[in-house]
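Fit chain S to the known structure of chain U by using the hints.
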Amino acid sequence: TAQPTQKRVLVTGGSGLVGRAIQHVINEEGGGKDGEEWIFLSSKDADLMNKEETQAVFQKHKPTHVIHLAAMVGGLFKNMRVNLDFWRNNIYINDNVLQAAHEVDAVKVVSCLSTCIFPDKTTYPIDETMIHNGPPHASNFGYSYAKRMIDVHNRAYFEQYGRSYTSVIPTNVFGPHDNFNIEDGHVLPGLIHKAYRAQKEGKPLVVWGSGTPRRQFIYSLDLARLVLWVVRDYNEVEPIILSVGEEEEVSIKEAAEAVVRALDFKEEVVYDTDKSDGQFKKTASNAKLMRYLPNFAFTPFEKALKETCDWFVANYDNARK
Amino acid sequence: MEGEHHSQKRVLVTGGSGLVGRAIQHVINEEGGGKDGEEWIFLSSKDADLMNKEETQAVFQKHKPTHVIHLAAMVGGLFKNMRVNLDFWRNNIYINDNVLQAAHEVDAVKVVSCLSTCIFPDKTTYPIDETMIHNGPPHASNFGYSYAKRMIDVHNRAYFEQYGRSYTSVIPTNVFGPHDNFNIEDGHVLPGLIHKAYRAQKEGKPLVVWGSGTPRRQFIYSLDLARLVLWVVRDYNEVEPIILSVGEEEEVSIKEAAEAVVRALDFKEEVVYDTDKSDGQFKKTASNAKLMRYLPNFAFTPFEKALKETCDWFVANYDNARK
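Protein chains in written order, with this note's numbering: chain U, 216 to 536; chain S, 116 to 438.
Hints were generated in silico from the structure; no laboratory data involved.
All values derive from a computational prediction rather than experimental measurement.
Treat the hints with caution; some may be incorrect.
[To be verified] Across the chosen pairs, the derived CB separations fall in these ranges:
#1 238(S) with 295(U): 28 to 34 Å
#2 336(U) with 362(S): 53 to 59 Å
#3 350(S) with 342(U): 42 to 48 Å
Even glycine gets a Cβ: it sits at the ideal position worked out from N, Cα and C.
The following block holds chain U by itself, in its conformation from the complex (with noise of 0.2 Å):
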């Protein structure tokens, strides 16, 4: 059978939050095509610090497109402890895959960037044109920056080679196979197992902050399907925002009233407002998602909520915590 276009795409950190709803959407869901054939790489492959790993791993396979997720990530108390080592880790995965990518003459990277990456001091909602306008929340600046650098780097490899390397800007990713970890994790899975280990305790749920600061959240499986249309369809070096609209945004007390409702949680929610509360607000824009696929259904995020507490009581013993 002959494929008018055969592409080979690799996923760099494929075992991670996002990476596993790929692999959820092309092997569950059938959302692969014809002539598309997927390579999901863990830590396990390839140590992408190290550059000749990196090397290696980009020239076993030869990919012809790549989803580069792979980073070191992290919730607001670990990027606060080590913004240094949050920069160089980053900026080193990336270099070396991206360069990886173009030395095997790969067409196309879409890379993954975040809305906490935006100007702190900034008008709202802020879209795709205004990454650079001025410095990044402090708390994760380290982060930030080095994300920020993707596109930079994109840019150059599309004005020195012509190459049509590009990105993706979610807002907070949650779902199945997050990092539940309570210390270094996101906040939507820090609650769930904050939770899930008071109820089985008996003890109140302790919210960290003030519970007002504001988030987005999109469900890891919803993102899966942008980025498919991403590495497929969009044409652009300038990133594109993945994101539930404004109007969506709720409050970190709104996001722990859910996860009581989804784990049908028993006991008292009380606020720690001792801890930080990190960014009071990061609203973006979809405005331009819209335009491309006015139609794109997301998931009703009570609906995300209660699949991935589910998840996680399901596979408790092996989630990562």
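Using the frame of chain U, we list chain S on its own:
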């Protein structure tokens, strides 16, 4: 003179054979600019390829500096940057990470790196100052170099936050002087004009200035910059960068700079402007108010005098000059 030193400094200078490195050598060796208890080591690319992590580590382990002046970089004028922004980004990120990490690992107490006013936001109010570096994208012509240099400041702040290191940086405006790169295609504007005028005079042809001549620049003589960098290494204790420049009122147009080169070389032919060529950024006017607060009495060499010294050096050293 028993060699009892209160504070022993072993200062390693990367990029020691370049424009600024040579100026520091001159101040230390010819002008008595060194101090008791200081040992100075000047590195060049012959000693280590700083884009290579292992070579950088080796040279730092060999010398174990307590202080570092980090001048080494991939640099170039407007036209070279426009051609290879990617290389400027990648190579400088590697050099800077290798040097800063090596310094950290040998426990150097201070690193002074070198930024540039060309890295500031393109859309901005003037004059620009040290707090404005990250307030918007840099000029498109050299965004690779600019972001790599900006990231030194990010890197310094991260070392301070995670380890308490006092790694800092200086921000000179347009530097010129002996031992510059006088290559016409790749070099900066003043050495380019000097070389072009020298050759035009020999050939009896006009001096062709690229661009309209209207963009404006502040120029700082390499020897003045060297004296200021020595002060920074010894006595400037902030992590935030400091602009090292003449005042805003000393800003000149490229046309005025070309006319000054004509005087310094006693150039006899015509001067013409090739307006098909890019002008680059129109202005980058920087404030030296912070420097003036620290050193209110610092005296810069007058521009015409510094330019004359540079031209005399070029003529006398034409065969060996980098071009």
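Whether the CB-CB distance between residue 350(S) and residue 342(U) falls inside 42 to 48 Å | Holds - the Cβ-Cβ distance for residue 350(S) and residue 342(U), about 45 Å, lies within 42 to 48 Å.
Should the hint that residue 238(S) and residue 295(U) are 28 to 34 Å apart at their CB atoms be regarded as holding?
-> With Cβ atoms ~31 Å apart, the hint holds.
Given the hint of 53 to 59 Å, check if residue 336(U) and residue 362(S) actually sit that far apart at their C-beta atoms.
-> violated, 29 Å
In summary, the structure is inconsistent with hint 2 from the numbered list given earlier, while agreeing with all the others.
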